[in-house]
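Each chain is listed here by its residues.
There are 2 protein chains.
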Amino acid sequence: MKVKDIGEFGLIDRITKKPKDKDILVGIGDDAAVFKTTKGLQVLTTDCLVEGDHFRREWFSPVQIGMKAIEINVSDIAAMGAIPKYVLVSVALPRTIGVEFVDRLYEGMWKTCDKYKIEIIGGNMTHCEKIVISITLTGEVDKKNLCLRSGAKSGDFIFVSGQLGNGMAGLRLFQEEIMGFQKVKKSYLEPKAKLKTALDIAPFVNSMIDVSDGLAPEVEHICSRSNCGAIIYKDKVPISDEAREAAKRLEEDAYDYALFGGEDFELVYTGPKENFEKVNGFLVGEIIKDKKISLFSDGKEIAMEDKGYDHFSRGI
Amino acid sequence: MKVKDIGEFGLIDRITKKPKDKDILVGIGDDAAVFKTTKGLQVLTTDCLVEGDHFRREWFSPVQIGMKAIEINVSDIAAMGAIPKYVLVSVALPRTIGVEFVDRLYEGMWKTCDKYKIEIIGGNMTHCEKIVISITLTGEVDKKNLCLRSGAKSGDFIFVSGQLGNGMAGLRLFQEEIMGFQKVKKSYLEPKAKLKTALDIAPFVNSMIDVSDGLAPEVEHICSRSNCGAIIYKDKVPISDEAREAAKRLEEDAYDYALFGGEDFELVYTGPKENFEKVNGFLVGEIIKDKKISLFSDGKEIAMEDKGYDHFSRGI
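Going down the list, the protein sequences come from chains A and B. Residue 1128, in this note's numbering, is where the first sequence stops; the numbers in between run on with no holes. Residue 1128, in this note's numbering, is where the second sequence stops; the numbers in between run on with no holes.
Chain A on its own, in the form it takes in the complex (with noise of 0.2 Å):
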């Protein structure tokens, strides 16, 4: 069996221990690790982006990488419900790279710490023939902020925090080498990580994660970590105009993008009946008992068929 046969997840099961550390809260298998301290809860996340895998030196300029690798972290600390605080950064580089290229990618990092109010504090530089930067971002929650993957309970609506499709609109355009589209493409180019949102909402909701795979198979983490199942209604997912134009363009369906095309860096999260009227965001559908995930469109359920972003099945 070679790795590209199989997911993510079933990879990180075989690999996974049951915490022995009683400090330890959360390890394997949510956005990010937390642990205690006395201060309170520290959250440890760490993403990487792989040159030819997430990203392509003609599409992205050095400073957006440097932005998207600061954003995607943060994107994971803020589905914790947690605050970002310190990176460190570990940069592999081929030898043929300009010092140049080095100095906007740290200035793209940087502009995006000064945003968050977070700083780098460390990291390490090597080679490798692709570029690779690994991020590393502690953050800072307080219990009752705190929002995991396991926390979704029967009864639940389900809500994303903006539209969805837009990053992978704006990456099937580079790809097919489509010009114009700007918006969709910024949006692919540069993401933003959600976090005032988050940290607004964190109190009131039961389970919290960032869309980096689609809607559907995040929805699933949820339910799969939560032992719950869900209804998705299509029809409610919010896609922008100009996402739906991207692809008509490119004779493809937005809906894919949204529910299985990933690069979005929204929220999906899931809250109460009751904390309805606290809760911003888009309704999208409810966690049923049922160990099962629905898609339904015009009142009828729709067949789902799995066409999840993975990051073991095909790159850029």
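Only true hints are included.
Copies of the same chain look alike in the list, so a pair counts if it works inside one copy or between any two.
With a Cα cut of at most 25 Å, we get these calculated DMTMM-like pairs of lysine to aspartate or glutamate:
no., residue 1, residue 2
1, Lys848, Glu952
2, Lys955, Asp835
3, Lys1004, Asp833
4, Lys848, Asp833
5, Lys956, Asp835
6, Lys927, Asp833
7, Lys830, Asp926
8, Lys927, Asp835
9, Lys995, Asp1047
10, Lys830, Glu912
11, Lys955, Asp833
12, Lys830, Glu952
13, Lys998, Glu912
14, Lys942, Asp865
15, Lys923, Asp833
16, Lys832, Asp915
17, Lys832, Asp926
18, Lys832, Asp954
19, Lys830, Asp915
20, Lys848, Asp954
21, Lys1060, Glu989
22, Lys830, Glu919
23, Lys834, Glu952
24, Lys832, Glu952
25, Lys929, Asp835
26, Lys942, Glu870
27, Lys1008, Asp835
28, Lys834, Asp954
29, Lys1004, Asp1068
30, Lys834, Asp926
Hints were generated in silico from the structure; no laboratory data involved.
Fit chain B to the known structure of chain A by using the hints.
Below, chain B alone, put in the same frame as chain A:
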């Protein structure tokens, strides 16, 4: 200017900013970053193994790659006088690799984690044409035990925790495809962090660093951060018989391995003469006021050519 033309240190200075957050005690430029929590000080480090640059699959078993990835990070935490705690593992893998490889890789990581009573609490997995293993390790330290590169004082003795040159001898034997010399080859394949030594001596030393790049560059790092110079007594540098024999066979100088070779993961530390009895290790030099690093042999100063293991000037 290309990345290959400038030292890692120069590059890091270009991308570093002075910390603004007053809770950051140590930012970029030491073995690990340190920040305050009310529990005490949290220490964070990240280090990366890249296939072709740090290891080859022909030389290392997957278990050994996993072990080394953890050991080199424990070594960085140890060099701060800190106790390692939690691990994040970010792995990029070629699509062609077998799942068996991943299982063995994590077996090696978990084995070394168990030895140090530390745990993998998160991470991520993605694709890259070359294997890249990026580890983040947290640690805890009492302020009185914190050992920085910047703490050396004029008059300090310079110590190393063990024999140097074994790692580089092992690497050179692999590169030249020379049979035998199992002991130094094993030093290269399976380095061990000197955590116990580090914790024992931490209260009695002024500065500490681990030897990833060879004794001379490490002493230079200490002097550069501590605003001082040093004399290294070449004849006092401890070198194993097997490293000497390997060097002889390769028609090279075992002292070059020790001084500039790296890959040893021993500790270099400086402490006041009063603490001499409390500090185990090999006395190899002295810290001086004059900001110059000199090498002495047989009572005379000898030229020190820079042959440092520079990740930006050569691979394996």
